[in-house]
Amino acid sequence: MMELQTVIDLVEGEVLTSGFDIRRQVKGGCGADLMSDVLAYIGPGALLLTGLCSAQVVRTAQMADVAAIIFVRGKRPSLDAIALANQERIPLITSAHGMFELCGRLHRAGLRSLETPA
Amino acid sequence: MNTDSIRAERVITDGAAGIITRVEELAYELKVGEVMTSPARTVTPDMRMSDVLALFRDFKVSGAPVMVNGQLVGIVSIADLIRALQENNTPAAVSEYMTTQVTTLEAGSPVIEALKLFAKTKVGRLPVVDQAGTLVGIITKGDITRGVLRALETDYQEEEVRKYRARHLFEDIVSDRTSLTLRYKIQQGDFAHGGNASSHIKRALVRLGASPQLARRCGIAIYEAEMNLIIHTTHGGVIRVEIEPHQIVMETIDDGPGIEDIDLAMTPGYSTAPDSVRELGFGAGMGLKNIQRCVDDMYLDSTLGRGTRLEMRIFLKPEEQLGDTNALADRAGKNGGMSQ
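As given, the protein sequences belong to chains A and B, one line each in that order.
Going by my numbering, the residue at position 114 of the first sequence is 136; the numbering climbs one at a time, nothing skipped.
Going by my numbering, the residue at position 70 of the second sequence is 155; the numbering climbs one at a time, nothing skipped.
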């Protein structure tokens, strides 16, 4: 478990949405660019790290009960994606760092993996 | 209208153009009159500053309109009181320390007007008047925060009421077998709305009393199936969900092109999706397998050139049943008794 504020600090993230609880706890992490991977292998309450920026990421997150999404390598989701995330109260964060670096920082800080092996 | 021009202004100036959160929405929806403190504690110009001190202390206020015969002539704030205290001059009349240039707000204005005025004038409170200019109350930033929190709580309660009503749906309608059917039309290629139907289905299930785990399983399965309609069909198709207290049957039906080899389609990694779809994070050839994992029973029927029907069935354990199951069980018990 890790508080969202701690996550944001660790990844040096910029928050793109509002209306969510910054003290929300994330239960673990998952990194994927393939939405079917997310739908199939992520546990509920996880933080999703992805390089994919479409509104489908937010829909996927909603279906899979993802706690928050981090866009890696400074990527910014589309405005529809941000609007949808505001509506569904799913926090969106962007970080300048790459996927490996971010997964590493979070894992090292004690955030466990919520990816199910194949 | 005024509020429209404010929105238009935002769209141009705000980087995240036009994205308005619920709290921001409330700033436009709520009226000053709904959040203000009313009536306001008022004073007269000939009262002493020591009286003001007593009023602020006793009623925990930080400012008061100054009135003469029902007319607003000024406002006295805690800053004015501090000035009087510093000058050891609390016996002085209110008229010596009050501010006479007073900006007022109309009770019918949206709260956003108050926020803009607070930002512009740097004052801590604004007297509120009706259309005739008569003082009806006073508003501070604290009043706005409380008003918004109250409204958000009302939103929350409304959702609870919706859930309560939905949960009792099955109980309120008497039939030998009651089910609720949801139907959605899905357009081929409509990626912009991809997942909308699934989102509505998931929300409906939660309102009907589904556990988060159950809602998630159904949500994931129907979302994969919805994306399949958008990606793979000729014209799109329909989603049909039949909800009963003991089971959920979700179906997608389309009129083509049909699947040539169902076994091959079920093979993980096999996909006919074009690259444009893969760029969206789909089309990796895992959808059907993933659906199968989420549901208890999956049935796929397809004829090349005719279309495809995918049926997904989830059976609910007694403790997972939808609707008010205690009431249902009671009724079942009663019915059983009557038929004997």
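Everything labelled a hint here was simulated from the structure, so no lab data went into it.
It is possible that part of the hints are untrue.
Sample of chain B residues at the chain A side, in silico, Cβ under 8 Å [stated by the list, open to error]: (1) L157; (2) A236; (3) T239; (4) S283; (5) S284; (6) Y308; (7) P403.
Note that this is a predicted model, so its numbers are computed, not measured.
By construction, the Cβ of each residue, glycine as well, lies at the ideal position given by its N, Cα and C atoms.
We went through each hint and held it up to the structure:
no., hint, result
1, L157, "37 Å, violated"
2, A236, "13 Å, violated"
3, T239, "16 Å, violated"
4, S283, "6 Å, holds"
5, S284, "6 Å, holds"
6, Y308, "5 Å, holds"
7, P403, "23 Å, violated"
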